[in-house]
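Line by line, the protein sequences are chains A and B. So the first sequence is numbered by this note's numbering: it starts at 204 and just counts up by one. So the second sequence is numbered by this note's numbering: it starts at 1264 and just counts up by one.
In short, the hints are calculated from the structure, not lab data. For glycine and all other residues, C-beta sits at the position ideal for the given N, C-alpha and C. Hints are supplied without guarantee of correctness; some may be wrong.
[Said to hold, decoys possible] Beyond 12 Å from chain B on every Cβ pair, some chain A residues (computed):
1. L406
2. L431
3. V442
[Unchecked claim] Mimicking BS3-like on lysine-lysine, the simulated pairs with C-alpha atoms at most 27 Å apart in a straight line are:
4. A:K452 x B:K1502
5. B:K1460 x B:K1508
6. A:K235 x B:K1508
7. A:K267 x A:K452
8. B:K1286 x A:K452
9. A:K452 x B:K1267
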Amino acid sequence: MEFPPIPLESWIDAAIAWLVVRGGPIFDVIGKTLSTLELLLRDALRGLPPYVMIPLLVAFPLFKRRFRTAALLLAALLLIWNLELWREAMQTVSLVLIAAGLSLGIAVPLGILAAESRLARSIIEPVLDYMQTTPAFVYLIPAVLFFGVGTVPGILATMAFALPPPIRATSLGIAEVDPQIVEAAVAFGSSRRQLLLKIKLPLALPYIWVGVNQCIMMSLSMVVIASLIGATGLGTRVVEGLSQFDIGKGVEAGVAVVAVAIALDRLFAAGGGKDGSKPAM
Amino acid sequence: MITKIPIGGAAEQLVAFVGTYLKPLVITFIWITLSLNGAFFWLFQSLPAPAWIIGVAIVAWRFAGPGIAIFGLLGLGLLWNQGLWGATAQTLSLVLTGTLMSLVVAIPLGIAMAESRVVNSVMAPILDFLQTMPRFVYLIPAVAILGLDVAPAVFATMTLAVPPPTRLTAVGIGQVDPRMVEAAEAFGSTRWQILAKIKLPLAFSAIMLGVNQCLMMSLSMVIIASLIGAGGLGAEILKAISEVKAGRGLVAGIGVVVLAILIDRITKGAAARLTRRWGRDTVMQQA
């Protein structure tokens, strides 16, 4: 028994062509907005020279009297500067921040929805399962299909890849709020909105911070992969190192990626809980 | 400004050192990976695709229920129909090779970490480091030492797929109730007996979760490793991206997702069933 191949490829090609023609203006608007945002942030991050940026960033944990965090952050930033990869690193960071910001903007409301509504949860849960079993590489394909090659599809693929952890963290955090506290608030006549904004969200904040942190780390790992589809930055140097068999160049860029990961992790841990303590998940 | 720290140069020298002085080791590694991968690929080619697809569906039915079985039948059938069965077999052989070699390293290492404080304090930061590195970066040393093709793909896969099962094995053994160990000691068990008959069965469900994670990590890395010449579905995706052939890329991408879901659901189901038969599920006992 031999079936002729289903002409799936040509169907998909036709569907995408149709979508791109019909939805062209929408894709254009999304693309233009994102690339403008990215350009602005990149210029802002690169605008200050490293010897100004580094003290500013290190001052943040110092101000909170977290000396070990500050020391680690300083070491990571100095290493990036020393490797002469500051510009590339700032570009990677700007992509990460935009992608993670968009991702959180979608994820936190979805997480709240999943915690508050049983119906929403029964839809969101399996979708997240599928998203988390999908290998990173696959996220690049639809992004390239609709937005071609460049920073914009890189940002969008990264955003989608980094969605699940903050959704799960937010919904878990809200679900873990002590029901007695909720009952007490209801007894004092809180409306549903008050309950959410003044009781549940503040109490879920430590969890949400864990979600933010994970979202940023996942974004970084994806942004590096997205250099394959033209999201420039440190990842580009890694790819160049690979394709030119230039071990030194590739490894230096790789070490810089790790330094960026450490710096971002420490900076956002400094913004989070009291001593960077995380709730058990 | 002080001079640039010669990290790149040091890496180049390290690679040159490994290439000159550890050559037998490198050649052995290449030989093992090539033979394993070849054996798995031969296995996949030895039966026609429909036989494999039906076989997988039966296994899926047994371990993960009818839903996943139908999903497997349709998903793998689609891959075969689209002329991607060869690529699927290549990807699966690489995943199995990577997983097998990772587990051979990870499970003994996990046991050593649980049993010895020194090993634990040495390995914990190394595992931390391996897990924070973006996966892309692993490709560089792999290519530098092993060139292109199967061996570096498997090596890069191992760097990503070794940490989770190592951790889970160590955690599983660490969580064994010390009273059980004490009781066994009181009855005169040797250290080896305690490990083989008490600790490992009690840690079984954690170790199986590690196997599941190891497979998922392998799949994810094998796809990325198409960049350094690993064939299979990843290579199809890469080719489609570079030739801007939307349909082709998406079909191969769907194929990867089908594989990921099948592997995940079947191993989770199998783990639960095997734990019931061979291990003692500590988690279930506590609940």
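Pair hint outcome, A:K267 versus A:K452 [Cα-Cα no greater than 27 Å]: 36 Å, violated
Does the structure keep A:K235 and B:K1508 at a Cα separation of 27 Å or less? Since the Cα atoms of A:K235 and B:K1508 sit roughly 24 Å apart, the hinted pair holds (cutoff 27 Å).
Minimum C-beta separation from A:V442 to chain B exceeding 12 Å: can you confirm that? 8 Å, violated
Run the distance test for B:K1286 versus A:K452: straight-line Cα separation, threshold 27 Å. Given that 27 Å is the threshold and the Cα spacing comes to 24 Å, the pair holds.
Does the alpha-carbon distance linking A:K452 and B:K1502 stay inside the 27 Å limit? Roughly 25 Å between the alpha carbons, so the hint for A:K452 and B:K1502 holds.
Given hint B:K1508 paired with B:K1460 - CA-CA distance at most 27 Å: Violated, because 55 Å separates the two Cα atoms, which is more than 27 Å.
Whether A:L406 stays farther than 12 Å from all C-beta atoms of chain B, as the label says: 26 Å, holds
Is it true that the CA of A:K452 sits at most 27 Å from the CA of B:K1267? Satisfied, since the Cα-Cα distance of roughly 13 Å is no more than 27 Å.
Beyond 12 Å on every Cβ pair: is that true for A:L431 relative to chain B? Check fails; 7 Å does not lie beyond 12 Å.
Taken one by one, the earlier hints fail for this structure at numbers 2, 3, 5 and 7, listed in ascending order.
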